[in-house]
Amino acid sequence: RNGPSEEERKFLNKVIQKHFLFCSLDENERQVLIDNMEQRITREDEIIFKQGDKGDRFFVIIQGTFSVSIDDRILKQLKQKQTFGELALLYNVRRTATITCTQSGVLWVLGEKRFRQCLKKLNGQHR
Numbered sequence: 088r089n090g091p092s093e094e095e096r097k098f099l100n101k102v103i104q105k106h107f108l109f110c111s112l113d114e115n116e117r118q119v120l121i122d123n124m125e126q127r128i129t130r131e132d133e134i135i136f137k138q139g140d141k142g143d144r145f146f147v148i149i150q151g152t153f154s155v156s157i158d159d160r161i162l163k164q165l166k167q168k169q170t171f172g173e174l175a176l177l178y179n180v181r182r183t184a185t186i187t188c189t190q191s192g193v194l195w196v197l198g199e200k201r202f203r204q205c206l207k208k209l210n211g212q213h214r
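At position 73 of the sequence shown the residue is numbered 160 (the working numbering), and the sequence of numbers has no breaks.
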């Protein structure tokens, strides 16, 4: 299936609207961002990415629970409406933590190329 449903679009729009990186986007720009996202179904114990991996995606949690661990110590749980993965994209650094799915769920994912295109466009507007 292609792209988010109407309901998912509303959900993603709300999350993105409140996100520090994207709060200056207008409605149209947010929709473009959402158009560029892909769904990923996750299952329990699945590792989304590992500490030290190259960061190439930004994630929005639609459902499920995900643990954040650094050096094999779980620091916190992430749930619906939370996001992760943007730091590695923003600063071009390796992943600073491991994210593991602890309760199967659904993520919407924005890849690096699209993310950069969106940021470039945004930076151009705020000079």
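You may find that some hints are simply not true.
Straight-line alpha carbon distances no greater than 30 Å define the calculated DSS-like cross-link-like pairs of lysine-lysine that follow [as the list claims (entries may be wrong)]: (1) Lys163 <-> Lys200; (2) Lys97 <-> Lys168; (3) Lys141 <-> Lys200; (4) Lys166 <-> Lys101; (5) Lys166 <-> Lys105; (6) Lys101 <-> Lys137; (7) Lys105 <-> Lys168; (8) Lys207 <-> Lys141; (9) Lys105 <-> Lys208; (10) Lys200 <-> Lys137; (11) Lys163 <-> Lys105; (12) Lys166 <-> Lys137; (13) Lys208 <-> Lys168; (14) Lys137 <-> Lys163; (15) Lys97 <-> Lys208; (16) Lys141 <-> Lys105; (17) Lys97 <-> Lys163; (18) Lys97 <-> Lys166; (19) Lys207 <-> Lys166; (20) Lys141 <-> Lys208.
These aren't lab readings, by the way, just hints derived from the structure by calculation.
Of the numbered hints stated previously, which ones are contradicted by the structure, given in increasing order? As far as the earlier hints go, not one is violated by this structure.
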